[in-house]
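K.L.:
Sequence:
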Amino acid sequence: MGRTNPYDIESVSGYPNALQIYRIPASSAWQVRLFVGRKYLRKSTRCESKAEAVKFAKRFYDDVKLAERLDFDVHRDSFAACANHLMKRQEALVGRGERDERLISEDRKKLAKDILPFLE
1161 MGRTNPYDIE SVSGYPNALQ IYRIPASSAW QVRLFVGRKY LRKSTRCESK
1211 AEAVKFAKRF YDDVKLAERL DFDVHRDSFA ACANHLMKRQ EALVGRGERD
1261 ERLISEDRKK LAKDILPFLE
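Numbering (my numbering) for the sequence shown: 1161 to 1280.
Note that these hints are calculated values from the structure, not bench results.
As the structure is a prediction and not an experimental result, all values here were calculated from the model.
There could be a bad hint or two in this list.
Claimed, not checked - 25 angstroms max Cα-Cα, derived SDA-like pairs, lysine to any residue:
(1) Lys1210 / Arg1229
(2) Lys1225 / Ala1189
(3) Lys1269 / Gly1257
(4) Lys1269 / Asp1231
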């Protein structure tokens, strides 16, 4: 399913041009998008007021930048992020003695050599 073309695209004053608010025909609320990690992060502001949308966009920007500084994956829906989460869960299982440590090493090898390079 394709995305609806935005209109009224505006950069947020005092912030990088990568942060923008915009509207789409399918919604009366403003949307925010931030170009980070070679992709856009998009979110509805749920605000019909432009001034409120700008405030929301600034908070959104600050949250994303904080997550980056804390080394969180800001593109949570990527396969790599899901794979990373799986590996952490498996490490916890091994730590509790519920799984063999070989499980982690085999999965890590398969992800690193075959799966993740194919998907990037």
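K.L.:
Against each hint, give a clear statement of whether it holds in the structure.
P.N.:
Against the structure, the hints:
{"no.": "1", "hint": "Lys1210 / Arg1229", "in the structure": "violated (29 angstroms)"}
{"no.": "2", "hint": "Lys1225 / Ala1189", "in the structure": "holds (24 angstroms)"}
{"no.": "3", "hint": "Lys1269 / Gly1257", "in the structure": "holds (21 angstroms)"}
{"no.": "4", "hint": "Lys1269 / Asp1231", "in the structure": "holds (22 angstroms)"}
The structure shown violates just one earlier hint, number 1.
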